[in-house]
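S.K.: Going by mature numbering (1 follows the signal peptide of the UniProt record, and there is no 0), the letters in the sequence shown line up with residues -24 to -1, 1 to 101, in that order.
The reader is advised that the hints may include incorrect statements.
[Stated by the list, open to error] Derived pair list, reagent style BS3-like, types lysine-lysine, alpha-carbon separation capped at 27 angstroms:
no., residue 1, residue 2
1, 61, 74
2, 100, 60
3, 61, 100
4, 74, 60
5, 100, 74
Since the hints were derived computationally from the structure, they do not count as laboratory data.
This structure is a prediction, so every number in the text was calculated from the model and none was measured.
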Amino acid sequence: MKKLGITSLSLALALSTLPVMLQAAPNATSSVATTAPAPATAASKNTGPQVKKEQVAVTDEGTVSINTATAEEFASVMNGVGMKKAQAIVSYREELGKFTDIEQLREVPGIGAALFERNRDRLKL
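Given only the sequences and the hints, what does the whole structure look like? Please build it.
M.R.: Below, the structure written as structure tokens:
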């Protein structure tokens, strides 16, 4: 008999809170406010001649151009390369000119064979 009383009490409590829960829950059939795209402004329209942007150093595939990347880009894309090694790559490039082959990256102090091989697929000229 005691079990029946607890069960009945629990059921009554659950049913008494049901109307409150239904009011708080969003109605599935109600319309959801949508936002319209902002109208184009004169600044966002292409009205003049197209200016060619500088080549992007980091691509969507997660590769980095060793000839145009910044130290921050090297550090964010390359595995095992922090800001110190990334700055060494940029300094090497500034002193000796652009790389002509990806393998030349191994000549940078601090970039060993293992580090180069680990990141080979993330590098491009």
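S.K.: Is it true that the CA of residue 100 sits at most 27 angstroms from the CA of residue 60?
M.R.: Holds. Residue 100 to residue 60 sits at ~20 angstroms (cutoff 27 angstroms).
S.K.: Are residue 61 and residue 74 close enough, with their CA atoms no more than 27 angstroms apart?
M.R.: Roughly 17 angstroms between the alpha carbons, so the hint for residue 61 and residue 74 holds.
S.K.: Would you check the hint for residue 74 and residue 60, treating anything up to 27 angstroms between C-alpha atoms as holding?
M.R.: 19 angstroms, holds
S.K.: Holds or violated: residue 100 with residue 74, Cα cutoff 27 angstroms?
M.R.: This hinted pair holds, its Cα atoms lying about 12 angstroms apart.
S.K.: Between residue 61 and residue 100, does the CA-CA distance stay at or below 27 angstroms?
M.R.: Roughly 17 angstroms between the alpha carbons, so the hint for residue 61 and residue 100 holds.
Of the hints listed earlier, there is not a single one the structure fails to meet.
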